[in-house]
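J.: This is what each chain is made of:
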Amino acid sequence: MPAEDRTAIRLDQFLAHPPSKVWRALTEPELMAKWLMPNDFKPEVGHRFTFTTQPKKAVGFDGIVHCEVLEIEPEKLLRISWSDGKQADWTVTWRLEPEGRGTRLFLDHEGFDPDDEVQQLSRRIMGGGWPRHFRTIDFLAATL
Amino acid sequence: MSADHLFAALASPARRELLRMLRDEGAQPAGRLAERFDMSRPSVSEHLKVLKDAGLVAETRKGRERHYRLEAAPLMELRDWLTPYERFWRERLTALDALLDDMEDQDAR
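Chains Z and C are the protein sequences, given in the same order.
Okay, so the first sequence: first residue is 1 according to the UniProt record's numbering, each after it adds one.
Okay, so the second sequence: first residue is 1 according to the UniProt record's numbering, each after it adds one.
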């Protein structure tokens with residue numbers, strides 16, 4: 001595993017559809033609900049909205065993601081804040097770039113705390129100090 | 001492959017070092033791996049066997065030598081488990097792709 005930016009998840013995907021259509025799926029609430037989560041999004045900077053999904057009691061998540069629209073450039077960029085109510089705030093950014101007849105969609109989910117316990121766990125596994133945490137991990141893995 | 005085997009295999013610094021060598025340098029014979037450890041060759045072979053049983057390495061015979069290579073799948077699973085948000089987004093992007101295909105169907109009507 002190469003050295004990674006532990007504060008962000010960065011993904012990209014080619015979509016065989018033009019940016020205008022991908023943009024609709026990213027910014028029309030009914031369409032967003034179909035691939036992401038039900039929401040009351042509006043394409044206006046400063047608009048606060050929520051995504052709602054199944055609560056996950058095990059990790060203390062009530063099923064509501066609190067967001068605010070931070071930046072919009074039609075058919076090019078959408079940036080929103082993203083908070084599950086417990087953790088520090090994240091920023092989620094979608095960027096669209098035309099690629100052939102389709103679109104390359106870049107997704108950045110930024111703001112992960114490198115001292116977060118999951119990140120620490122990752123470091124321990126690859127770096128050492130594992131046995132002390134073995135029981136906890138083993139238990140967690142068994143519940144997957 | 002059970003989670004027990006995977007985690008037990010990763011619990012040893014020597015086995016993590018073997019994985020690192022295979023990851024960075026690609027497949028290689030057991031002998032070349034063993035000569036870089038300050039332990040007996042049978043001990044290194046035993047570590048390689050634990051890694052093999054955990055599904056982390058694959059073994060092929062070439063003449064009298066056993067060659068080992070890294071198997072990525074269990075580590076990918078581990079990564080998904082450690083970074084649930086990455087898996088979440090990969091699944092959502094797949095759903096987005098499917099939705100776009102559906103939208104096209106509607107437009108064509």
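For the record, the hints were derived by calculation from the structure and aren't laboratory data.
Backbone N, C-alpha and C fix where the C-beta goes; we use that ideal spot for every residue, glycine too.
Watch out, some of these pointers could steer you wrong.
[Said to hold, decoys possible] Have a look at the derived ranges for each label pair, beta carbon to beta carbon:
#1 C:Met76 x Z:Lys76: 55 to 65 Å
#2 C:Phe37 x Z:Glu73: 35 to 45 Å
#3 Z:His47 x C:Ala98: 19 to 29 Å
#4 C:Phe37 x Z:Thr53: 43 to 53 Å
#5 C:Ala58 x Z:Pro18: 37 to 47 Å
#6 Z:Lys42 x C:Ala98: 32 to 42 Å
#7 C:Glu77 x Z:Lys76: 34 to 44 Å
#8 C:Met76 x Z:Gly85: 49 to 59 Å
#9 C:Glu91 x Z:Lys42: 23 to 33 Å
[What the hints assert, rightly or not] Non-contacting residues of chain C with respect to chain Z, defined by C-beta distances greater than 12 Å in every case (computed):
#10 Ala27
#11 Gln28
#12 Pro29
#13 Glu46
#14 Lys49
#15 Ala58
#16 Thr60
#17 Arg61
#18 Lys62
#19 Arg66
#20 His67
#21 Glu86
#22 Thr94
#23 Ala95
J.: The structure should be examined with respect to each hint, and the outcome stated for every one.
T.: Hint by hint, here is what the structure shows:
1. For the pair C:Met76 and Z:Lys76, the beta carbons lie near 32 Å from each other, so the given range of 55 to 65 Å is not met.
2. C:Phe37 and Z:Glu73 have their C-beta atoms about 55 Å apart, which leaves the hinted 35 to 45 Å range violated.
3. One distance hint, 19 to 29 Å for the beta-carbon pair Z:His47 and C:Ala98, holds here, with the actual separation near 27 Å.
4. Range check, C:Phe37 to Z:Thr53: Cβ separation about 49 Å, and the 43 to 53 Å hint holds.
5. The hinted window of 37 to 47 Å between C:Ala58 and Z:Pro18 holds, with their beta carbons roughly 43 Å apart.
6. One distance hint, 32 to 42 Å for the beta-carbon pair Z:Lys42 and C:Ala98, is violated here, with the actual separation near 25 Å.
7. Hint check: C:Glu77 to Z:Lys76, Cβ distance near 35 Å, so the stated range 34 to 44 Å holds.
8. Between C:Met76 and Z:Gly85, the C-beta spacing of about 30 Å breaks the proposed range 49 to 59 Å.
9. For C:Glu91 and Z:Lys42, the Cβ-Cβ distance of about 25 Å falls inside the hinted range of 23 to 33 Å, so the restraint holds.
10. Even its closest Cβ contact with chain Z, about 18 Å, leaves C:Ala27 beyond 12 Å, as expected for a residue assigned away from the interface.
11. C:Gln28, annotated as away from the interface, keeps every beta carbon of chain Z farther than 12 Å; the closest lies near 19 Å.
12. Under the 12 Å C-beta cut-off, the non-interface status given to C:Pro29 relative to chain Z holds; the minimum distance is some 24 Å.
13. Non-interface call for C:Glu46 relative to chain Z: holds, since the shortest CB-CB distance, roughly 18 Å, exceeds 12 Å.
14. No beta-carbon of chain Z comes within 12 Å of the beta-carbon of C:Lys49; the shortest separation is about 20 Å.
15. With a least CB separation of 18 Å from chain Z, C:Ala58 remains clear of the 12 Å interface cut-off, as annotated.
16. With a cut of 12 Å on Cβ distances, C:Thr60 stays outside the contact zone with chain Z, its closest approach being about 24 Å.
17. Here C:Arg61 stays apart from chain Z, with its beta-carbon at least about 28 Å from theirs, past the 12 Å limit.
18. With a least beta-carbon separation of about 27 Å from chain Z, C:Lys62 lies farther than 12 Å from that chain, consistent with its non-interface assignment.
19. Non-interface status of C:Arg66 relative to chain Z is upheld: no Cβ of that chain comes within 12 Å, the nearest being about 25 Å off.
20. The Cβ of C:His67 lies farther than 12 Å from every Cβ of chain Z, with a closest approach of about 22 Å, so its non-interface assignment holds.
21. Listed as a non-interface residue, C:Glu86 fails to keep its Cβ farther than 12 Å from every Cβ of chain Z; the least gap is roughly 5 Å.
22. Distance to chain Z contradicts C:Thr94 as a non-interface residue, since its nearest Cβ pair spans about 8 Å, not more than 12 Å.
23. Look at C:Ala95: its CB is around 4 Å from the nearest CB on chain Z, not clear of 12 Å, so calling it non-interface is violated.
In this structure, the earlier hints numbered 1, 2, 6, 8, 21, 22, 23 are contradicted, and the remaining ones agree with it.
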